[in-house]
Amino acid sequence: MIKAPDKPLTSLVNLEQPLSIEGYIEAGGYQGAEKALHHLSRAEVLTLVEDSTLKGRGGAGFPTGMKWKCVPMYEPGDVNAPECKYLVCNADEMEPGTFKDRVLLEGVPHQLIEAMIIAAYTIGAEKAYIFLRGEYHLAARRLQQAIDEAYRSNWLGENIQGTDIHLDLYLHSSAGRYICGEETALINALEGKRANPRAKPPFPQFSGLFGKPTVVNNVETLSNLPHILKHGADWFKGLSPDSDAGTKIYAACGRVKTPGTWELPMGATIREVLYDHGGGMLDGLKLKGLLPGGASTDFLLPEHLDTPMDFASIAKAGSRLGTGGLIVLDDHNCPVSMVLNLLQFFAQESCGWCTPCRDGTPWAVEVLSRIEQGQGSLDDLDTLAKLCDFMWLGKTHCALAPGAVEPLKSALKYFHDDFEQHIEQGCCPYQGGH
Amino acid sequence: MQIINTITPDYRSYLSKEEMAAIEHEASIMETREAAGIEALKVVQKHRGWISDDSLYAIAQMLNMSAAELEGVATFYNLIYRQKVGRYVIHICNSISCHLSGYQQVLQAIKAHLGIDYGQTTADGMFTLLSNACLGGCDKAPVMMIGERHYEYLTPEKAVEILEKIAAGASTENYLSSFLNEGDAAADRENKPRSRDYLDDDDVAGEISEMELSDD
Ligand SMILES: Cc1cc2nc3c(=O)[nH]c(=O)nc-3n(C[C@H](O)[C@H](O)[C@H](O)COP(=O)(O)O)c2cc1C
Ligand code: SF4
Ligand code: FES
Chain A
1 MIKAPDKPLT SLVNLEQPLS IEGYIEAGGY QGAEKALHHL SRAEVLTLVE
51 DSTLKGRGGA GFPTGMKWKC VPMYEPGDVN APECKYLVCN ADEMEPGTFK
101 DRVLLEGVPH QLIEAMIIAA YTIGAEKAYI FLRGEYHLAA RRLQQAIDEA
151 YRSNWLGENI QGTDIHLDLY LHSSAGRYIC GEETALINAL EGKRANPRAK
201 PPFPQFSGLF GKPTVVNNVE TLSNLPHILK HGADWFKGLS PDSDAGTKIY
251 AACGRVKTPG TWELPMGATI REVLYDHGGG MLDGLKLKGL LPGGASTDFL
301 LPEHLDTPMD FASIAKAGSR LGTGGLIVLD DHNCPVSMVL NLLQFFAQES
351 CGWCTPCRDG TPWAVEVLSR IEQGQGSLDD LDTLAKLCDF MWLGKTHCAL
401 APGAVEPLKS ALKYFHDDFE QHIEQGCCPY QGGH
Chain B
1 MQIINTITPD YRSYLSKEEM AAIEHEASIM ETREAAGIEA LKVVQKHRGW
51 ISDDSLYAIA QMLNMSAAEL EGVATFYNLI YRQKVGRYVI HICNSISCHL
101 SGYQQVLQAI KAHLGIDYGQ TTADGMFTLL SNACLGGCDK APVMMIGERH
151 YEYLTPEKAV EILEKIAAGA STENYLSSFL NEGDAAADRE NKPRSRDYLD
201 DDDVAGEISE MELSDD
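Going line by line, the protein sequences match chains A and B.
By this note's numbering, the letter at position 410 of the first sequence is numbered 410, and the numbering carries on one by one without gaps.
By this note's numbering, the letter at position 163 of the second sequence is numbered 163, and the numbering carries on one by one without gaps.
This is chain B alone, in the form it adopts within the complex (with noise of 0.2 Å):
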């Protein structure tokens, strides 16, 4: 069935060519066009930064689904939002590994030092702050994920170094530190302690690193 809106015009006028093409690609590996859907929100929210209710009618009205339909899905899921965000979206890992390993001062430095809470944007729409469920690091734990990299061994100090360097447009490479070619990785274990054998409140897990690595 092909809804109809009156609200949005045709999906063509309101997508850009590659965000159909994509969505098109999508929906041509699955054997229906609804299967698409959270792909689809996904290829959308990378390009505009958000699904706004007007992506929301076109992406419905592209896959032949009703946009309650792609609405139920699109709620459902914690990395779609359905709010404007910030230039960064912080997700800080709140699950039982970074829990015990302190994660809670670290949201709090955080927080002090953007001035704001949980589901909040900052005021230059650099930052939006939210927590996520385990994020998968935690033998690095506290964790937190920016964009498509995780942040690990996070203290207080570090992850508002991190975000001064992200605001400021500095690339954060330079936290690049274990994961590089093997030759690099064995001399930066010699220069760092790879067991945390004492416990240090300002300083509970060592130091930061950067599970993303280019790949190329």
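Pulled out of the complex, with its shape left as it was, chain A reads as follows (with noise of 0.2 Å):
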């Protein structure tokens, strides 16, 4: 009996050379997969995971096992089933800070693809696709090779190891759009159209890909899944002490001594993160603030480092969990230029469906370069405040919005001194600071 692993997704990861399936089988891959189609109904494994208290690690955290029960079931023969029912990965990872699904692809590929089959023979799903950010071009060719030694050892395809299962699963890559990695806008680029988000209801578990039940799940979500079945709900609770269950993969970037990723306990301190694994900011240089979760969440502050980092703890000291990636804040970097990075890129990136996304966003970058530059004035401050409120939740189409009002609006309220200064002072304190 192997030890149950305390880093389960990335015990098994090589970035310089990831497994074969061979090798991946012989590490006890493949076994979670095999309980399930072997030894388990559908509902038990629905039961399992949901037993498990996994939490979406795609931004959001909603419950994966709440997820998927939404999914019709049809007994077989039912006139009324759909002819086909779809899984899509989403491995979009666009969000800028945000680096960690990528170590599962080019790591481990086959976690992923043993996850997905665990996953599409749950909900039912007979067709399934990785839906692959276009700059991944290492994970594209290792994905595509572990998912042709799947299918050559018949965990693809028709009648999955002697089951009357099956599965097939498609790479696509896409070609560069942040929008895309919203789960409706995804099943629109999917189907080859503009990839606009949809509007909600219907969710995609009712109607999605091409109008059937769809399953939209985070590559770091689904990789979860062959240990939760070969170890058990418990086990993955007990990996955490915290109220959110499992492992999550944190991450550090910004100047930092040693930015990368590690694979912690759900509920790792921002401090443990930054600084016993991320070895805390670069020398002559301060902590000023960070973004705990990727670009769309809110700014929190050194005063905040003994929070951990869980869905709960995070949303109260007044921010998102996210992606769970760290973006660091030196005290010679400035904070207005920081946000209207940010903000650029959210304006670039907005699909320019919705007015108050598709002008707030280059709106707030001209008033943003505006203080910058030392151009602004006070007006300007009230003007970005009313920029946030236009696009908050419920006033836009989808959430790319309200993500980009977070750093902005936290960012107005801790750094209110700098941008007063850069006003009063006509020019950017920071500058020569690099």
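Source of the hints: derived by calculation from the structure; they are not laboratory data.
Note that the structure is predicted; figures quoted are calculated from it, not measured.
All C-beta atoms, glycine included, are put in the ideal place defined by N, C-alpha and C.
Treat the hints with care, since some could be wrong.
[To be verified] Using 20 Å as the maximum straight-line C-alpha spacing, the simulated EDC-like pairs for lysine to aspartate or glutamate come out as follows: (1) A:Lys-193 / B:Asp-53; (2) A:Lys-212 / B:Glu-31; (3) A:Lys-193 / B:Glu-71; (4) B:Lys-46 / B:Glu-31; (5) A:Lys-193 / B:Glu-24; (6) A:Lys-413 / A:Glu-424; (7) A:Lys-3 / A:Glu-26.
[Stated by the list, open to error] Ranges between beta-carbon positions, derived for each pair: (8) A:Gly-284 / B:Gly-49: 43 to 53 Å; (9) B:Ser-66 / A:Gly-284: 54 to 64 Å; (10) A:Phe-62 / B:Lys-17: 45 to 55 Å; (11) B:Gly-49 / A:Leu-15: 22 to 32 Å.
Build the complex from these two chains, which are given one at a time in their own frames, with help from the hints.
Now the structure itself:
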């Protein structure tokens, strides 16, 4: 009996040369899928995933079991059954400051394939896609190779491992557009349409890809499944002392000593991630603030360092866990220029569907540029505050614009003095500080 | 509905056999032909460097969709070029981690070296310069992508050196440092500081590494 790993997601990661299917099986791989397909009913797997309390790692933290439970299930021969259901793995990873899925895609592609077999079996999907961002060329080659191996070994295709279960898995590599990561935009992209998000409801679980029931899950979310199947729900919950179960791939970037990714028990504190693993700030620099989970999360301050990085605690501190990747601002980098850079990203990547976002994000960029160049006025700060309100939740078609508001609004709150100094001094006080 | 196009002849006389086979394969694994649109654009771009109007018409015809609809898709994506580009397209990351790590100096050096701005191509048709959203190498910032390769830990000097090597037709393989096989990587780790303990204006982020490795 192999000892249950305490870093299940990354224990088999090898970025130099990922395991072939033989190597992966030798290391205990495909045992989770084997158990699901041969020994458990769909309902039993669903219960197991529900019991594990696994929450989505794509940013929103939605409970995976609950998401799957909405998918309509049919008895064999039911005339109302759709001819197909779909599973889609969201590997678009374009959130600035996020590079965790890349580790799993490049380092252990068979783990994701095994996970998708389990997920597809549970929801009754016979077709699955990996939606990969276009810039991940290395991941594309490795995934395709792993998929080919899985077909050859009958882990994909018809009658998988002697069962009556079929699954076709395809790799779709995109062509660079952040909004494709939003799950309904992703579905439009897969259909070959312009990737504007769809209205919800209907939710994809009822009407998704080509109008059929569809589940979209993040790479990291899915990659937990083989281990939950193998070691059980209690083991998964026991991985973390926290209210959120399992481990999380945390990351840190910015001017820290050893930027990177680390799989830690869910609920590790920001301090542990930034100092114990990220090595702290480069010498001569001080921590000024950070975004805890990618570009579209609110700033937190040094006073928040002991906050556990789980969904509830980060929310309580006023931000979102998001993707769990810290973007660290040092005291020699200008917060106004940081927020300007973030808003430029959102303005460029806005899909243009709804007015508050299409017009609001470039407007914010214009105002922020003015302030950064020392030509702003105090009225500009009111304009920014109003824009934060115009683009907030409920006023836009999807969550991109509210995501853009989060760093902006929190910067206005926490770095107010910096904004005012730009205006009063007529220049960026950080210039030359690089 | 079949689109009758008077400007270009039948797509069969325009697209190569390889292109058509690759597009047909993509169409065969999707529910509808139009769903293969983005893959088809990528196939043709791979062969021809960019998507001309003629290419757009031909693909649209092959996929039974209107050219306007396909244009809507083509122009939606950052990595589909609807204008002629140079032989190598430089995609320099301008997102937040690269911003915090000083990509601006790298960008300035590239612009000065090539004498072009964003969106322009060098007179010899060798390089086009574009920005790119976060390339997913934020822990190795600043980063740029040329072709299928990601170049990481850039400094102004190293970026220029890479461009010179590419222009000279030289391989950039020697940038393969830390991601070879395990033995080499371990040896490499001895030589190279993994952490950045100091802040040096000329060399913000240590060494260039090359994430692309030969998988075979
Ligand atoms: C603008 C935008 C971009 C997104 N990008 C991604 C992404 O790149 N990867 C991802 O997994 N989820 C992304 N999401 C979240 C997805 O919509 C969706 O919630 C997620 O894929 C669900 O997976 P999960 O339940 O496993 O977390 C994005 C959401 C928005 C609004
Ligand atoms: S909020 Fe922005 S990205 Fe989302 S639908 Fe509206 S315009 Fe498009
Ligand atoms: S911000 Fe440049 S690679 Fe992520």
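May I ask which of the numbered hints given earlier this structure violates, with the numbers listed in increasing order? 4
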